[in-house]
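Quick mapping for you: the protein sequence lines, in order, are chains A and B.
Sequential numbering from 0 applies to the first sequence in numbering that gives the first Met the number 0.
Sequential numbering from 0 applies to the second sequence in numbering that gives the first Met the number 0.
Each hint can be trusted.
Computed, partial: chain B to chain A, Cβ under 7 Å:
#1 Leu67
#2 Leu81
#3 Asp84
#4 Arg109
#5 Tyr110
#6 Gly111
Please keep in mind that the hints were generated in silico from the structure rather than gathered at the bench.
Quick caveat: nothing in here was measured; it's all calculated off a predicted structure.
The C-beta atom is built at its ideal place from N, Cα and C for all residues, glycine as well.
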Amino acid sequence: MKRRFFLIPLVLFLGLLIFLALGLRHDPREIPSPLINKAAPAFDLPTLSSDQHFKPSDYLGRVWMFNVWATWCVACQAEHPVLVAFAKSSGLPIVGLSYKEIQPQDEEKAPLSFEAKLTLARLRSRVWLGRHGDPYQLSVLDLDGKVGIDYGVYGVPETYLIDPEGVIRYKHIGPMSSEILANEVLPLARTLQKGS
Amino acid sequence: MNIFARTMNTPWLVKKAQTHSPCLAPLWVLVVWCCLITPGWAGQAQPLAQDPVLEQRMVDIAQELRCLVCQNESLASSHADLAEDLRREVRTLLQQGKSDEDIKAYLVARYGDFVLYRPQVKPMTWVLWFGPLVAMLLGIIGLVVYLKRGQSKAAQAGPQPLSEAERARLDVLMKDGRGL
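Construct the complete structure from the given sequences, taking the supplied hints into account.
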């Protein structure tokens, strides 16, 4: 009986150890999104290529990927070849959200008008996509980052999968890898497309 | 350090300090030094909103919220770009007459409970809120039970009779008078 009492602190300590070990494996930067299984927030933004606007409701009835990117984002550059290859091989439409392309340093000398920002963002993004390849069906320009806030974006790149009903089904924070695309995104996209 | 040296050599300053009291001189130097420095900071500070009351409310709310980029900083103190955007968003919502709760709900809907330094009490967060209290109560109960048990055991046993060897030794000690 007495011997068992001595074991209690040991058991408690081991429990704590397991708890802490689990905590170490958990990445605090990956915050679970409350938007999963909720309708994709609506927006109406100008696209990169023309003055036409794009709304998420335009893509109702199909599964699509929504990828947040910017030319200033270093991690996006690392992710980009993976997306280009995936767009070609899978045929899944990818819509880009060009997030805050105009950074504060661009306005260091003088504030830019909205039109000037739009022109600069388009020019720079097109050059960047020309150099690195364009995986996007289209890209929308979120100059002030408001749509980013609605989607809970806190670091670029982020990627969402949206189902035919316009509901967010999946979110990945940080650069996409071809493994995640092949093992998680593509199977999920297929089941979502079949289910509709 | 350069500024300090220059201040020390400023003749009018030393003179003025001496007219008051010689021991106040270092204090005067410090005061003037601080005055010399602050304008440099003011240039970098963000302009306040036109309404200081609203700005104060914004800061109060932002102090309760976690910055998502630098996670150990509050939204009020973070210099991250996103924090700046979110503060602007909070300001806009306040101007629209939204309540503090509305604004927190707005951010939770987008970034999850993670943004709240004090998450709401709900089944998901029960362990977080009550876990430490429960652990402490269990510890106290355990301690009390352990001490009570030890006490009752000692009381039950009572004083033990001496063994033969102990008795013999006691006798020797008592006879010699050395035990006293």
